[in-house]
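J.: Residue strings, one per chain:
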Amino acid sequence: GNSVTQMEGPVTLSEEAFLTINCTYTATGYPSLFWYVQYPGEGLQLLLKATKADDKGSNKGFEATYRKETTSFHLEKGSVQVSDSAVYFCALGGGHTDKLIFGTGTRLQVFP
Amino acid sequence: GAVVSQHPSRVICKSGTSVKIECRSLDFQATTMFWYRQFPKKSLMLMATSNEGSKATYEQGVEKDKFLINHASLTLSTLTVTSAHPEDSSFYICSARIDRGTGELFFGEGSRLTVL
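Protein chains in written order, with this note's numbering: chain A, 74 to 185; chain B, 270 to 385.
For the record, the hints were derived by calculation from the structure and aren't laboratory data. Only a predicted model underlies this, so the values are computations on that prediction, with no experimental measurement involved. Treat each hint with caution, since some may be false.
Label pairs and their computed distance ranges (CB to CB) [unchecked claim]: (1) B/Ser-352 - A/Pro-113: 37 to 47 Å; (2) A/Asp-128 - B/Ser-287: 40 to 50 Å; (3) A/Thr-144 - B/Leu-385: 40 to 50 Å; (4) B/Leu-385 - A/Phe-91: 42 to 52 Å; (5) B/Lys-335 - A/Asp-128: 33 to 43 Å; (6) A/Thr-143 - B/Pro-309: 30 to 40 Å; (7) B/Glu-321 - A/Thr-101: 20 to 30 Å; (8) B/Val-331 - A/Ser-87: 36 to 46 Å; (9) B/Gly-330 - A/Lys-129: 35 to 45 Å; (10) B/Gln-329 - A/Pro-185: 39 to 49 Å; (11) B/Glu-321 - A/Thr-85: 41 to 51 Å; (12) A/Pro-185 - B/Arg-369: 40 to 50 Å.
C-beta atoms are modelled at their ideal positions from N, C-alpha and C, and glycine is treated no differently.
Could you build the full structure based on these sequences and the hints that come with them?
T.: Here you go:
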């Protein structure tokens, strides 16, 4: 079945450091891939998405490329800020799945 | 972008009472909404899929009689936690699907339920 695997957190970084949060998936068909972000005490917000292989989603300095050959959708940011501290969820949907399937989430903590 | 609103954002109730949480799509019609429960340390659990005008589809292990879901209109789904107990205390999040092709969801702000 379809599934999403994220790296365990928490990820702790200093401000302006480079961020990578790994996400790999297994899926049948041609799913879309998403990164959602959850700030403390809030619901989830869509951060970026990619709907087909080789697409790159980007938003607020974050990027992720849909790589079919490695079944990955790693999240990157060149220089993190304290305000980026949140929980990040990788997800897949569409294709043959009727539901959005989430990874377990990765907590990012950025210190000044 | 599309907006999904939940109410209340926080609720505290006594054990044995029932609590209703509303989820509204504010600027679009949502034929399908999803209810999630989030446990401590962040993991999201899909509870049920709410379809307008029909019965909700519950995930395995979720008690239908305990978590009543009603999707009476294209803009409103409700989750009622019946006879709540302290173990039902959690963060409940609703979402609405806007694009069946990609599966993209818009989420509400979440509702924190505390059962005393």
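J.: Hint by hint, where does the structure go against what was stated? Just the numbers, ascending.
T.: 1
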